[in-house]
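A.B. asks: Based on the provided sequences and hints, a complete structural model is requested.
Going by my numbering, the residue at position 60 of the sequence shown is 1255; the numbering climbs one at a time, nothing skipped.
To be clear, the hints were calculated from the coordinates, so they are not data collected in a lab.
Keep in mind that a hint or two might mislead.
[What the hints assert, rightly or not] Derived pair list, reagent style PhoX-like, types lysine-lysine, alpha-carbon separation capped at 20 angstroms: (1) Lys1384 <-> Lys1235; (2) Lys1256 <-> Lys1278; (3) Lys1244 <-> Lys1458.
[What the hints assert, rightly or not] So the derived label-pair ranges between C-beta atoms look like this: (4) Val1388 <-> Gly1685: 40 to 48 angstroms; (5) Pro1465 <-> Ile1643: 38 to 46 angstroms; (6) Asp1396 <-> Ile1643: 39 to 47 angstroms; (7) Leu1422 <-> Glu1249: 22 to 30 angstroms; (8) Lys1325 <-> Glu1557: 31 to 39 angstroms; (9) Val1459 <-> Lys1325: 48 to 56 angstroms.
Remember, predicted model here, so these are calculated numbers, not experimental data.
The beta carbon of each residue, even a glycine, is placed where N, CA and C say it ideally should be.
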Amino acid sequence: MNTLYALEVKLGILGPLMTSGGGDTSRGWDQVFCRSANGKPVINGSHIKGKLKEALIELGKPQSDIGYLFGVAGVDPKDNMKKGALRFESFSQIDSSVIKILDKTSRTAIDKQTGTAKEKSLLSFEAIAKPGEKTLWKGTIEFWARDDSQAEKIKQIIEYGFKWLPAIGSTKGVGYGRIFSVQVNTFKKLTKVVFDKTPTDYRYLTLEFEFKDDLFVGGIVKKTNYLESETVIPGTVTKGAFARFLNELCGSPGEAAIDENNKVVMDHFPNVCTHFKEIRFLHAFPVLKTQSTRPVTVPKSTVEFDGGIFRDVTLANSADLIMNKKAPRFHVDWKGGDKIKKDFGWATCMTLNKTRTAIKRETRSALEEGLYTFQYLTAFDESGNPVKWTTGIIFPKLEDESQYKLLADEFLKAAKLGWTHLGKRDAQFQLAIRTQETELHIETAPAIPEKCIITLQTDALLFDARSLAQLGSALEMQKVYESYWKELFGDACILSNFYARQKMIGGFQAKRFRDRQKENYYPYVLTEAGSVFVLENVKVDALEELQKTGLPLPEQVAASLPENAYWQGCPFVPENGYGEFTVNLKWFTEKQLKM
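C.D. replies: Printed below as a string of structure tokens:
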């Protein structure tokens, strides 16, 4: 197996130093120094990565080595995209003597004809240290290697590149950010996993991620240069990150599927490989670090009245929908956003903007249409309290009870060997695992056949929008949803009421998973988390089993997918966390709207 190594890099930089991360500027400033979530000045890892890559290209390193270390870019699923072997963290200032940001630094262009300041060219920005003053910065670069020999070769390449770099940051042309010393040390990275073992049947593992870096989860929309991270980490992201980690750990190609055909991973983790496609990774929800419960998605049937009063209309009569002569406001009309989410156990994360751009090598200027601003999530709420992401792993039904412990032990063994990164920008995390299911933040009542209220915790694919669109007639969503529930529980099942919203997911997902050569382009249509369905005459035993496995894909969708491997043809399968639901939240009775 491979070993996770880290390079501890210390850079000595002469002041002044300026590097902007895209954060909000203060009044009177054109640029502010890049800062971390806790307000400390940092040099973004992406900036270090870009400068190091540029240096190695100038030194004539082969393109194959550059692609291996830094990755291969692309904008289309068919492009030969590949993540690089190196992971860069932000560099922080470590010497206590110079930690103050200069009050203000100004620059201006000079009019060649008059020799005076050029009109409208004065820039004011923050910079660290006085001219010629020494500062020391430290960061780590992580990578996987077969042995110490390969790690040493990578270290030599990285050290070679850093020593070629003359400066870091912006305004290098006038002497800012000059590097005067480089020190690179290699060490093996040890991963600490907090493991809380309790009496259990090992069918469920609770995972808690505490991120050390800012997190970005979400897809890039072409021709959009401002991108916001999703708050919820989908099971597809967690499962994909773990699959990539297993390949990196065992030395298998990063894009190889984790199954019985992956002989390299199979030799080390046979049980995980055999059952990986069936293991269900739930979505990860943000909560305060001190919280021990799993958040509940706010039902779409929740309404708001003046004064911040919230009630639920699922069980209300139509005559009850007026309170104090005021009509209720549903979720889409709430002016303050999801202000009730705290009562359902959700933490609200602080955000941080970071701007990145591609550089034209010929001119050393920003590439046209290559500028992006990413809105990251920090690991703190708006009051500065630490936030963690909680999720669960549910193992599939196995004939031999002893296999559950073998499966859990293999998963834990692998995680301890270096599973440390997740998300689009490889955010580093500390992992805690418990062999016990997390309780919901809102209590539930037992399911009864006469009436069950189902609330989607996550988005779900409940109908085939492509076939419905081809009918060419107006849709009655009551019949569409009723058809799905009858498919699960039989013709006796009745959908007596529902509150649901839908959203289209296309772009990269549709291009990758749907064949567009022989037919028109159709995005997926998902039923949103929080949608509520009131069912009568349901099979309680089947409902309890579905809570473990998640809501299955409609038969019409499943029939068009690869047999026994639905995930290869559709990303929105229950094994990826979609279709999670609760039954009979007490919220519906305790907050029922009444006259």
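A.B. asks: Determine for every hint whether it applies to the structure shown.
C.D. replies: We went through each hint and held it up to the structure:
For a cut-off of 20 angstroms, the pair hint linking Lys1384 to Lys1235 is broken: about 25 angstroms separates their Cα positions. Distance restraint check for Lys1256 and Lys1278: the Cα-Cα separation of roughly 18 angstroms lies within the 20 angstroms cut-off, and the hinted pair is therefore satisfied. Only pairs whose Cα atoms come within 20 angstroms are accepted, and Lys1244 paired with Lys1458 is rejected, the gap being roughly 33 angstroms. Range check, Val1388 to Gly1685: about 44 angstroms between beta-carbon atoms, so the 40 to 48 angstroms window is met.
Between Pro1465 and Ile1643 the C-beta distance comes to about 43 angstroms, which sits within the given range of 38 to 46 angstroms. Taking 39 to 47 angstroms as the suggested C-beta distance range, the pair Asp1396 and Ile1643 does not conform, at roughly 26 angstroms. Range check, Leu1422 to Glu1249: about 24 angstroms between beta-carbon atoms, so the 22 to 30 angstroms window is met. About 34 angstroms separates the C-beta atoms of Lys1325 and Glu1557, a value consistent with the hinted range of 31 to 39 angstroms.
In this structure the supplied range 48 to 56 angstroms holds for Val1459 paired with Lys1325, their Cβ-Cβ distance being about 54 angstroms.
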